[in-house]
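Below are the chains, spelled out letter by letter.
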Amino acid sequence: DTAVSQTPKYLVTQMGNDKSIKCEQNLGHDTMYWYKQDSKKFLKIMFSYNNKELIINETVPNRFSPKSPDKAHLNLHINSLELGDSAVYFCASSQVGGGYSNQPQHFGDGTRLSIL
Amino acid sequence: AQKITQTQPGMFVQEKEAVTLDCTYDTSDPSYGLFWYKQPSSGEMIFLIYQGSYDQQNATEGRYSLNFQKARKSANLVISASQLGDSAMYFCAMREWSGAGSYQLTFGKGTKLSVIP
Chain X
1 DTAVSQTPKY LVTQMGNDKS IKCEQNLGHD TMYWYKQDSK KFLKIMFSYN
51 NKELIINETV PNRFSPKSPD KAHLNLHINS LELGDSAVYF CASSQVGGGY
101 SNQPQHFGDG TRLSIL
Chain W
117 AQKITQTQPG MFVQEKEAVT LDCTYDTSDP SYGLFWYKQP SSGEMIFLIY
167 QGSYDQQNAT EGRYSLNFQK ARKSANLVIS ASQLGDSAMY FCAMREWSGA
217 GSYQLTFGKG TKLSVIP
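Heads up: the sequence lines are chains X and W, in that order.
Residues 1 to 116, numbered by our numbering, are exactly what the first sequence covers, in order.
Residues 117 to 233, numbered by our numbering, are exactly what the second sequence covers, in order.
Isolated chain X, as found in the complex (with noise of 0.2 Å):
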């Protein structure tokens, strides 16, 4: 009963190709997050989304698009995948509102995209 899953664990593909990573969390959060984590392994955030509103939508190449079927998930799709892209991609889940303030985001145990 994993409180937030990310799949796949590993993905590894060719440069210009078109992959997804799925997210799902059963811990009733309303808001979802997608980080990704680079080589040094600097953390910064990409997406937010809050009961299936984007909210957070930082700088990042429109060809990642994030995608909330309900507030359970926050899939990732990205197209045209690129060498600079190969990172580990982090998932996250909280609860906001009524005075969860200091409750921390729980994160997924990440996906690491390879490029070739």
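It should be emphasised that the hints constitute simulated quantities derived from the structure, not laboratory data.
Be aware that a few hints might be false.
[As the list claims (entries may be wrong)] Capping the alpha-carbon separation at 30 Å, the derived lysine-lysine pairs in DSBU-like fashion look like this:
(1) 40(X) - 119(W)
(2) 36(X) - 132(W)
(3) 228(W) - 52(X)
(4) 19(X) - 189(W)
(5) 19(X) - 225(W)
(6) 132(W) - 41(X)
(7) 228(W) - 40(X)
(8) 119(W) - 41(X)
(9) 41(X) - 186(W)
(10) 67(X) - 225(W)
(11) 44(X) - 228(W)
(12) 67(X) - 36(X)
(13) 189(W) - 36(X)
(14) 9(X) - 228(W)
(15) 44(X) - 225(W)
[Said to hold, decoys possible] Chain W stretches covered by chain X per the calculated footprint, using a threshold of three residues with CB under 8 Å from any CB of chain X:
(16) 122-134
(17) 153-161
(18) 221-230
[Unchecked claim] Each pair of labels, with its calculated beta carbon distance range:
(19) 5(X) - 125(W): 40 to 46 Å
(20) 133(W) - 63(X): 32 to 38 Å
(21) 132(W) - 17(X): 32 to 38 Å
(22) 197(W) - 17(X): 46 to 52 Å
(23) 9(X) - 121(W): 30 to 36 Å
(24) 61(X) - 228(W): 28 to 34 Å
(25) 73(X) - 125(W): 35 to 41 Å
None of these values were measured; they are calculated from a predicted model.
Even for Gly, the Cβ is constructed at its ideal location relative to N, Cα and C.
Chain X is already provided as a structure; the job is to place chain W on it using the hints.
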């Protein structure tokens, strides 16, 4: 401008000793929160401890405590009685409200802690 600064890229500590990992932050928002996460070599992100800007006392969670000095804008993590399993990357992060029911975490660059037997 960097909002979260972790000045120690790497640190070593002897097993059973205490260690302090530094974190300074910069914000003009009076309401903010600071989090520490641990990332072992297996890659997952593990939440350790939280400190809110209005909290009167320093946060503690088991062997973890936070030395919060608001005027200095520092939130250092103290790990007591280090164990070999504490070897990992440690990230300090600040919560910033993004509005509309969401906040984002801004992370520092991390400190790699190695515990020596």
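We went through each hint and held it up to the structure:
With a C-alpha separation of about 18 Å, the suggested pair residue 40(X) and residue 119(W) falls inside the 30 Å cut-off, and the hint holds. Of the supplied pair hints, the one linking residue 36(X) and residue 132(W) is violated, its CA atoms being roughly 34 Å apart against a limit of 30 Å. The suggested pairing of residue 228(W) with residue 52(X) is violated, with an alpha-carbon distance near 36 Å, which exceeds 30 Å. Distance hint between residue 19(X) and residue 189(W) is unfulfilled; the C-alpha atoms sit about 41 Å from each other, more than 30 Å.
Of the pairs offered as hints, the one joining residue 19(X) and residue 225(W) holds, with about 28 Å between alpha carbons and a cut-off of 30 Å not exceeded. Our distance criterion of 30 Å between C-alpha atoms is met by residue 132(W) and residue 41(X), whose separation comes to about 27 Å. With a CA separation close to 12 Å, the supplied pair residue 228(W) and residue 40(X) stays within the 30 Å bound. Between residue 119(W) and residue 41(X), the direct Cα distance comes to roughly 17 Å. Compliance with the 30 Å bound is thereby established for this hinted pair.
Restraint check for residue 41(X) and residue 186(W): the C-alpha separation of about 27 Å stays at or below 30 Å, so the hint holds. Between residue 67(X) and residue 225(W), the direct Cα distance comes to roughly 28 Å. Compliance with the 30 Å bound is thereby established for this hinted pair. In summary, the hint linking residue 44(X) to residue 228(W) is supported, as the alpha carbons are separated by about 18 Å, within the 30 Å threshold. With a C-alpha separation of about 16 Å, the suggested pairing of residue 67(X) with residue 36(X) holds against the 30 Å cut-off.
In summary, the hint linking residue 189(W) to residue 36(X) is supported, as the alpha carbons are separated by about 26 Å, within the 30 Å threshold. For the suggested pair residue 9(X) and residue 228(W), the alpha carbons sit about 23 Å apart, so the restraint of at most 30 Å is met. Taking the CA atoms of residue 44(X) and residue 225(W), the gap is near 10 Å; set against the 30 Å cutoff, the hint holds. Remark: the stretch 122-134 of chain W is not confirmed as covered by chain X, as 0 of its residues place a Cβ nearer than 8 Å to a Cβ of that chain, below the required three.
Given a C-beta distance limit of less than 8 Å, the hint that chain X covers the stretch 153-161 of chain W holds, as 5 residues qualify and 3 suffice. Closer than 8 Å: that is the beta-carbon criterion, and the stretch 221-230 of chain W has 5 residues meeting it against chain X, so the requirement of 3 holds. The hinted range of 40 to 46 Å is not satisfied by residue 5(X) and residue 125(W), whose Cβ atoms lie roughly 31 Å apart. About 47 Å separates the C-beta atoms of residue 133(W) and residue 63(X), a value inconsistent with the hinted range of 32 to 38 Å.
For residue 132(W) and residue 17(X), the Cβ-Cβ distance of about 50 Å falls outside the hinted range of 32 to 38 Å, so the restraint is violated. Between residue 197(W) and residue 17(X) the C-beta distance comes to about 48 Å, which sits within the given range of 46 to 52 Å. The beta-carbon spacing between residue 9(X) and residue 121(W), approximately 32 Å, falls within the hinted interval of 30 to 36 Å. A beta carbon spacing of about 30 Å between residue 61(X) and residue 228(W) agrees with the range 28 to 34 Å that was offered as a hint.
In this structure the supplied range 35 to 41 Å holds for residue 73(X) paired with residue 125(W), their Cβ-Cβ distance being about 36 Å.
The structure shown violates the earlier hints numbered 2, 3, 4, 16, 19, 20 and 21.
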